[in-house]
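Following the hints, complete the assembly by docking chain B onto the known chain A.
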Amino acid sequence: MFIKAGLGLAAMLAVPRALLAAAWPENAFASTTANQAMSALFGTDQVTETSAISLGAPEIAENGAVVPVSVETTLENVESVSIVVEKNPRPLAISFEIPAGTMPDVACRIKMGETSNVHAVVKTDKGLFSASKEVKVTIGGCGG
Amino acid sequence: MASKIKVKVKLKGDVAEVKSLMMHPMETGSRKDPDTGATIPMHHITQLTFTNNGQQVMVVNCSTAVSRDPFFSFSFKGAKAGDKFAVSWVDNTGGTDSTEIELA
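Chains A and B are the protein sequences, given in the same order.
Note that my numbering numbers the first sequence so that position 142 is 142, with each residue one more than the last.
In my numbering, each number is its position in the second sequence, counted from 1, plus 1000.
In short, the hints are calculated from the structure, not lab data.
In this text the structure is predicted, and so the values were computed from the model without any measurement.
A hint or two may mislead.
Derived lysine-lysine pairs resembling BS3-like cross-links, with alpha carbons at most 27 Å apart [stated by the list, open to error]: (1) B/Lys-1080 with B/Lys-1008; (2) B/Lys-1077 with B/Lys-1010; (3) A/Lys-87 with A/Lys-136; (4) A/Lys-133 with B/Lys-1012; (5) B/Lys-1084 with B/Lys-1006; (6) B/Lys-1032 with B/Lys-1084; (7) B/Lys-1019 with B/Lys-1006; (8) A/Lys-136 with B/Lys-1032; (9) B/Lys-1032 with B/Lys-1012; (10) B/Lys-1077 with B/Lys-1032; (11) B/Lys-1077 with A/Lys-126; (12) A/Lys-87 with B/Lys-1032.
With the C-beta cut set under 8 Å, the calculated list includes, among others, these residues of chain A facing chain B [said to hold, decoys possible]: (13) Trp-24; (14) Asn-88; (15) Arg-90; (16) Leu-92; (17) Ala-93; (18) Ile-94; (19) Ser-95; (20) Phe-96; (21) Pro-99; (22) Met-103; (23) Asp-105; (24) Cys-108; (25) Lys-111; (26) Glu-114.
No residue lacks a Cβ here, since even glycine has one placed at the ideal position from N, Cα and C.
If we strip away everything but chain A, and leave its shape as in the complex, we get (with noise of 0.2 Å):
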């Protein structure tokens, strides 16, 4: 039960591509600055700090490739959760779209080059909402 691997051509159709979302955020991502990154991304970089978030990351990260990160939130009618790395050389990291009856409870793991404050932005239909927490990291995690 845990994969199936052999796909129906009815699953397939299942999916039409026209349920899918919108396109993928390219400015938003390929842009260098956090502040930049939420511009692109929600065309506010105006954010309010709120303890309901709550941002599970390390302290201290030995390995950089793979840092685990939670986002949980308590605010109501959550449209998308986002995790931007401030000193990454490109802060945004990955966005969450959040449909109605998800919860605001997303995790993943991403990649931090050098010890950075990470932050959670979290947008609801109130505007944009963010926790922050400093992230150390030994040993870096974007190659070159």
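Just chain B now, kept in the frame of chain A:
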């Protein structure tokens, strides 16, 4: 080709807890081959879509800063046993992968 996406969904009442792990190199485009010194081209997942019975429950937009062999977890409401849960991704080179499971 068999899918390289693993997905586990645990039902707790009508809440589904999703955990998904997939194989992808997630090359940043700034890493160099240690032997030849040549830059390894950027190759990363751009967008992931999770659907339940054809309805989107999560879309994830990824940069190169998502770790190799990406892992994601999230939860959504309104799931029940027998639902068809599907995961698919596209990458910047036009590659794709997808898988589907039945919730139990």
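Quick rundown of the hints versus the structure:
1. Note on B/Lys-1080 and B/Lys-1008: the hinted pairing holds, with a Cα-Cα distance of about 14 Å set against a maximum of 27 Å.
2. About 12 Å separates the Cα atoms of B/Lys-1077 and B/Lys-1010, which keeps this hinted pair within 27 Å; it holds.
3. Between the alpha carbons of A/Lys-87 and A/Lys-136 the distance comes to roughly 11 Å, so the proposed pair stays at or under 27 Å and holds.
4. Straight-line distance between C-alpha atoms of A/Lys-133 and B/Lys-1012 comes to about 31 Å, which puts the hinted pair past the 27 Å bound.
5. Our distance criterion of 27 Å between C-alpha atoms is met by B/Lys-1084 and B/Lys-1006, whose separation comes to about 15 Å.
6. Under the criterion of a C-alpha separation no larger than 27 Å, the hint pairing B/Lys-1032 with B/Lys-1084 is inconsistent with the structure, at around 41 Å.
7. A threshold of 27 Å between alpha carbons decides the hint, and for B/Lys-1019 with B/Lys-1006 the separation of about 8 Å falls inside it, so the pair holds.
8. Taking the CA atoms of A/Lys-136 and B/Lys-1032, the gap is about 24 Å. The hint holds against a cut of 27 Å.
9. The hinted pair formed by B/Lys-1032 and B/Lys-1012 fails the criterion: a straight-line CA distance of about 45 Å is larger than 27 Å.
10. A distance of roughly 43 Å separates the Cα atoms of B/Lys-1077 and B/Lys-1032; the hinted pair therefore is violated under the 27 Å criterion.
11. Straight-line distance between C-alpha atoms of B/Lys-1077 and A/Lys-126 comes to about 22 Å, which keeps the hinted pair within the 27 Å bound.
12. Pair hint A/Lys-87 plus B/Lys-1032 holds up; C-alpha atoms about 21 Å apart against a cutoff of 27 Å.
13. About 4 Å separates the beta-carbon of A/Trp-24 from the nearest beta-carbon of chain B, less than 8 Å, and the hint is met.
14. The restraint placing A/Asn-88 at the interface with chain B holds, with a minimum CB-CB distance near 6 Å, inside the 8 Å limit.
15. Proximity of A/Arg-90 to chain B holds as hinted, the smallest CB-CB distance being about 6 Å (cut-off 8 Å).
16. Annotation: A/Leu-92 was flagged as interfacial toward chain B, and the flag holds, the nearest CB pair being 6 Å apart, inside 8 Å.
17. At about 4 Å, the closest approach between the beta carbon of A/Ala-93 and any beta carbon in chain B falls short of 8 Å, and the interface hint on this residue holds.
18. Satisfaction of the interface hint for A/Ile-94 is found here, the shortest Cβ-Cβ separation to chain B being roughly 5 Å, below the 8 Å cut-off.
19. For A/Ser-95, the suggested interface contact is upheld, since its CB lies about 4 Å from the closest CB of chain B, less than 8 Å.
20. Using the Cβ-Cβ criterion of 8 Å, the hint placing A/Phe-96 at the interface with chain B is satisfied: the shortest such distance is roughly 5 Å.
21. The beta carbon of A/Pro-99 comes within 6 Å of a beta carbon in chain B, closer than 8 Å, and the hint placing it at the interface holds.
22. Interface hint at A/Met-103: satisfied, since its Cβ lies 5 Å from the closest Cβ of chain B, which is below the 8 Å cut-off.
23. A least Cβ separation of about 6 Å between A/Asp-105 and chain B falls short of the 8 Å threshold, and the interface hint therefore holds.
24. The restraint placing A/Cys-108 at the interface with chain B holds, with a minimum CB-CB distance near 5 Å, inside the 8 Å limit.
25. Hint status for A/Lys-111: holds, given a least beta-carbon distance of 5 Å to chain B, under 8 Å.
26. The closest approach between the C-beta of A/Glu-114 and any C-beta of chain B is roughly 12 Å, which is over the 8 Å cut-off, so the hint fails.
Figure legend: structure checked against the earlier numbered hints; hints not met, in rising order: 4, 6, 9, 10 and 26.
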